[in-house]
Amino acid sequence: QKEVEQNSGPLSVPEGAIASLNCTYSDRGSQSFFWYRQYSGKSPELIMSIYSNGDKEDGRFTAQLNKASQYVSLLIRDSQPSDSATYLCAVKILTNNNDMRFGAGTRLTVKP
Amino acid sequence: DTGVSQNPRHKITKRGQNVTFRCDPISEHNRLYWYRQTLGQGPEFLTYFQNEAQLEKSRLLSDRFSAERPKGSFSTLEIQRTEQGDSAMYLCASSPWTGLPEAFFGQGTRLTVV
Chain H
1 QKEVEQNSGP LSVPEGAIAS LNCTYSDRGS QSFFWYRQYS GKSPELIMSI YSNGDKEDGR
61 FTAQLNKASQ YVSLLIRDSQ PSDSATYLCA VKILTNNNDM RFGAGTRLTV KP
Chain C
1001 DTGVSQNPRH KITKRGQNVT FRCDPISEHN RLYWYRQTLG QGPEFLTYFQ NEAQLEKSRL
1061 LSDRFSAERP KGSFSTLEIQ RTEQGDSAMY LCASSPWTGL PEAFFGQGTR LTVV
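Keeping their order, the protein sequence lines are chains H and C. According to our numbering, the first sequence is numbered sequentially starting from 1. According to our numbering, the second sequence is numbered sequentially starting from 1001.
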């Protein structure tokens, strides 16, 4: 089992819709969870972090964490074409000295 | 301090040559990570430093790869006897020890082995 798993997509949504991105992780002791956005040819950019169960909202982005299910998600409301990118889920793995592992990423396309 | 800085941005080398990349983390970030990323894949963990101590190294990392962070500030990643399969983007990220453990990436070094 991979440490961090994401649906590779591609995920396509129309402009203005809600995009839902999902991620599962294997280390039950993990405490820190992150979503990064990566445009083609660029480095990952941190957009959300979440540390406790529940929802965390920042503008059009909402991160959701369920530690019991070892599941973290990202919702993007009112999706815009500029949101088209690959979204990477990252988890700090407690059993590995807290180093950070990434999923393979989900490619999102928002169609005008 | 404008963020994590990586040099060079691009490197083209012949197979068999050695290459060295440098990463300057955000000031006062004592955690530093190296990743490798190929097209269509997520960043693959290579190694991790806390201050000058190398705490974790990927089992996938061959002995041709070595990383250092001698004074707990900048870090170097060296690849010896490069192979075409080493062609990738090499990413460095840093995060603080205290406060929110959010990691920020540099712009990466794109390596092409010909």
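Hints in this document: simulated from the structure, not taken from any laboratory. Take the hints with a grain of salt, since some may be wrong.
[Unchecked claim] Here are the simulated DSS-like cross-link-like pairs (lysine-lysine), alpha carbons at most 27 Å apart as the crow flies:
| no. | chain 1 | residue 1 | chain 2 | residue 2 |
| --- | --- | --- | --- | --- |
| 1 | C | K1057 | C | K1011 |
| 2 | H | K42 | H | K111 |
| 3 | C | K1011 | H | K2 |
| 4 | C | K1011 | C | K1071 |
| 5 | C | K1057 | H | K42 |
| 6 | H | K56 | H | K42 |
| 7 | H | K2 | C | K1057 |
| 8 | C | K1057 | C | K1071 |
| 9 | H | K56 | H | K67 |
| 10 | H | K67 | C | K1014 |
| 11 | C | K1014 | C | K1057 |
| 12 | H | K42 | H | K67 |
Given the structure is predicted, the values throughout are model-derived calculations rather than measurements.
For this structure, which hints from the list above don't hold up? 3, 10, 12
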